[in-house]
Amino acid sequence: MKIKYFAWIKDITNKEFEIIARNHPKNIEELKIVLKKNYPDLEKHLDQDVLRFAINLEYTFENQNLNSNDEIAIFPPVSGG
Amino acid sequence: MKIKYFAWIKDITNKEFEIIARNHPKNIEELKIVLKKNYPDLEKHLDQDVLRFAINLEYTFENQNLNSNDEIAIFPPVSGG
Amino acid sequence: MIKIQKKDFNIEQEIKLLKDKYSNVGAVISFIGFVRDINNKKDVKYIELEVYEKMAIKELSKIKDNAIKKFDLVDCLIVHRYGRLDVNDRIVLVVCFSEHRNNSFEACKFIMDYLKKDVPFWKKEIYFKGSDWLENTN
Amino acid sequence: MIKIQKKDFNIEQEIKLLKDKYSNVGAVISFIGFVRDINNKKDVKYIELEVYEKMAIKELSKIKDNAIKKFDLVDCLIVHRYGRLDVNDRIVLVVCFSEHRNNSFEACKFIMDYLKKDVPFWKKEIYFKGSDWLENTN
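Chains as they are written, first to last, in numbering that gives the first Met the number 0: chain A, 0 to 80; chain B, 0 to 80; chain C, 0 to 137; chain D, 0 to 137.
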């Protein structure tokens, strides 16, 4: 499972991506718990529900299940255009 | 007084413009009478009120008075753009 | 800026010319009108665009000034061609420059609506058989 | 067509490339977004545009396909840049091609609204003192 970070999320995690090889979170809610543990500064943003999650390039708005070969992206509201 | 014709009006009058040097019509309604007399094929269009009149580059929607040095333009609905 | 001309225009150059003057412009919307191959179910060969030039400049200037004021534009450019234009040729270019995009979108639509209604240009479409003077409808 | 690229684009060339394929196109509307000199009352030095490229292509393709269908477009082009962009540089180009103008006006607005909301690009504005990550508002 690959987790990608963008914009100021990357400034908090200090990495662009990481691989979770084993015992990966089973769904988005479990992933959030892992993130909060590893990156305490993310907690308030996750709790305020401002971040967006994409699984395999598609937005997810629910507590979707995760598979070991998924690419999950976590990012703040977009600002292109 | 100069009278200018455009688009298919020009096809009826067979000229792009003409000068009325003396006894010029005093207002738009008088001009219409002159036009109907000189160009019988214009009569139905003038009666149907489809033509537009401009005096010195400004649209006129009333029976405005005319002066000897005016430039009057008569044309069908526009189709630019 | 208002231009009435026979020759074609380069969109990149026309936009750059004005944009280079303003660093506060964030949004540029342009409309380009082209001669279509088929109109009213007839095959078009070419069009003849007639203009009452002095009045067209005056009407376009009024529309431009109104649009700038009404939609708070930074600037605005209208180029309209006349003469013989073939299928695929460009007829008109309207470019609106503003800080934010909604103003320019609204302004560009506004200008085209008034241009089609009030500016003294007339299109004669020449078909493979015959020709028609056109009339803009709403 | 969707393009995500570092390099600048030429508006004339981009429009011509697609327009040359269609003789039934009468109206082309384009939106160009530029880096402004001042934003939120701060002097901007330059911006850094980050992109999640694979997802951006997917999202832009969806928006383009929706716009073509919804507004009966003949075609549609979106070019979005990323990387370092200075004041006055171009960020994005959206071009809509249709038979009549209203479809393209609506489509171009529609595309920009969704692009600003859903496509994974992020702007970091670098000021003469400090920097900010931006967030699009409605």
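Calculated directly from the structure, the hints in this document are not laboratory data.
One thing to keep in mind: the hints can contain errors.
Said to hold, decoys possible - Here are the computed lysine-lysine pairs in the DSS-like style, where the Cα-Cα straight-line distance is at most 25 Å:
id, chain 1, residue 1, chain 2, residue 2
1, B, Lys31, C, Lys53
2, D, Lys15, C, Lys15
3, D, Lys61, C, Lys18
4, B, Lys9, C, Lys15
5, D, Lys57, C, Lys15
How the hints compare with the structure:
1. Distance hint between B:Lys31 and C:Lys53 is fulfilled; the C-alpha atoms sit about 23 Å from each other, no more than 25 Å.
2. A threshold of 25 Å between alpha carbons decides the hint, and for D:Lys15 with C:Lys15 the separation of about 17 Å falls inside it, so the pair holds.
3. The straight-line distance between the Cα atoms of D:Lys61 and C:Lys18 is roughly 31 Å, outside the 25 Å bound, and the hint therefore fails.
4. Distance restraint check for B:Lys9 and C:Lys15: the Cα-Cα separation of roughly 40 Å exceeds the 25 Å cut-off, and the hinted pair is therefore not satisfied.
5. Distance check on the hinted pair: D:Lys57 and C:Lys15 sit about 31 Å apart at the alpha-carbon level, beyond 25 Å; violated.
The structure fails hints 3, 4 and 5 (numbered hints given earlier, in ascending order).
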